[in-house]
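We have chain A; now place chain B onto it with these hints.
Here is how the chains run, residue by residue.
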Amino acid sequence: MAQAAIPQIVARRGGWRAALRRYAHVPLLTPAVGLTVAVFWVCMAVLVVMSVYPFLAAGTPRLTLAAWQRLLGDPYYWGVVGTTLRLAFVVTALALALGYPAAYAISKIQRPGWALAAYVVLFAPILVSVVVRTYGWLLLLSNTGVVNYLLRAAGLVREPIPLIFNETGIIIAMVHILLPFMVFPILSVVGQVGGDLKEAAMDLGANRWVTFRRVTLPLTAPGVISGCQIVFTLTISAFVTPFLMGGGRVQILSGLIYRDMEAVNLGFASVVALVLLALAVVILAASNVLARRAYRRAEVERA
Amino acid sequence: MDVDVELREVSKHFGAIVAVDRVSLAIRRGEFFSLLGPSGCGKTTTLRMIGGLEFPTAGEILLRGAVVTDLPAYRRATNMVFQHLALFPHLTVFENIAFGLRLRREPPSVIARKVDGVLQLVDLPGYGGREIHQLSGGQKQRVAIARALVNEPAVLLLDEPLGSLDLKLRLAMQTELKALQHRVGTTFIYVTHDQGEALTMSDRIAVMNLGRVEQVATSQEIYARPRTRFVAGFIGEANFLDGRVAHAGPDGVLVAVNGLRVRAEAAPAPAGAAVTVSVRPEHVKLGVAADGAANRWTGRIEEVTFMGAVVRARVALDGGPRLVAELHNDAAAGLAPGAAVAVGWAAGHTVVLAG
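Chain order of the listed sequences is A and B. In case it helps, this note's numbering puts the first sequence at residues 124 to 426. In case it helps, this note's numbering puts the second sequence at residues -2 to 352.
One or more hints might be untrue.
What the hints assert, rightly or not - Some chain A residues judged to face chain B by a derived CB distance under 8 Å, without partners named:
hint, residue
1, V243
2, L245
3, L327
4, V338
5, L342
Keep in mind that the hints were calculated from the coordinates and are not lab data. These figures come from a predicted structure and were not determined experimentally. The beta-carbon is built from N, C-alpha and C at its ideal position, and this holds for glycine as well.
Okay, chain A solo, but in the shape it has when bound (with noise of 0.2 Å):
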């Protein structure tokens, strides 16, 4: 009996022990924990309950449908999501192209003195307001603006190409202001990818392009998808820049949202940002899957 007992004591007393172990994080989570759960979670579950009682705030509550009704059943907003899509997907698109060049580029700077200005130049920006590089670009791009007077001056355009007020200005600002957003999750995978990978590859008949296209890109992919998620996720929720470039005639997402919350229409208000939201969760589901995979392959890579 008492030799059985024993063990079974030690067992527990290590029970606990290594519970309180277990939970040791938990004192270091809770206020990041805390503070997400009562700004965002919060306000999500009234931003649900507003969507069908929009009516909560004026004291008169009754449950409708109205507001998803007119948001789902109008073509017109239809047409606001997939320009928003849109604008999300060309910037993201856009941005890559940009953006890999330039990370790949920087990752063989040889010498350090170089290799910081250029991360200056490129993510120097950051520290300027949107709102001021919004409107440098509104500058640069308006009818009057240096753009299209080198265009003109250079013969190559008669009349001013409309560059702000639609969404080729939209894109050309957005593309510039999530570019170092693009840059740096790959730069911080393009120099990992060893040079005896692409020797080993060359040494197998791989010429440069080749090596390029089934070496460094396969191992580069973490880089990329969490490059294009941020610079997508960005997108579709910035309101500022297209809001400033787009002057009232395009109309996204973020700005049906102003437009409601300005006219006190919180009930629609609160629905558009839910579909906002859907759509952020939808991709970034989507391209996760794609991640989970390209990291899989990457974290064997640093083992």
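Frame of chain A, contents of chain B only:
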């Protein structure tokens, strides 16, 4: 005899640094050829130039009689096993090995057959579906060799491929590599800084130092008849005595070292030239074992070190120079520091080096 790889006066400069200095080599078909030397001697650079991963500053490289000096790696019939293996982490074992075959657009059935065949050859049958990170060090090694061999290269280049393995596995892989080379009959060029590895596996060895080839010969010859002081010191161990050729005739050579006259069978220099005499510790006999040796003196034991199967003794000769002798531990019974002892070796074991 067919020559697979020929280097003619090949040099490689990196800025002001001369990594490889006018190296000429002829490597025969089917040979296991080693480039041996300390780190920084230019052996890896030489190998990389043969593989087309580096290009010579001067000189010519021929592969099976054709000049390939400026051809990039992907146009050469050479394949390399890299020091850190460089297996593709995003591909399975099968896809790693099939990499070169796919680039040559071989039909899938041929690829499957060749990959299976080479996996059998390196003793990893059925491993095609594994991920690289699931393999042990020795298995990765085999996959790296398989990935190169499956392309049936004219020459297989190996850049210290066993360096990252522990000693036991390394010794096992040495035997296995040699056996593999025998089976496939491909010319192997093997870079190593480990003299034991080179002596064990190679048909011939090129000993390199400071960008130059010091000697090219078989393992036995390199060991028994080193041509330079560097080779004698780098391969195995040696006692060095500086002297001058006193007499050189058809009956043998006499070298004056301080007061001693050392007998040798041949010398690379005429009478009067300054030379270095080299003798291996295991050839230096002590006590009765030295009786009748052509070179025989008396000396005093200074130090005795027990090393397991062998015992090492440092002896000061009465004429002044010190020598290290290596004896089997049963022959060393009774040796003690301070004891007077006869020291000697056969004339055939004296190696006379120029300079």
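* **Ascending list of hint numbers which this structure does not respect** => Structure breaks hints 1 and 2.
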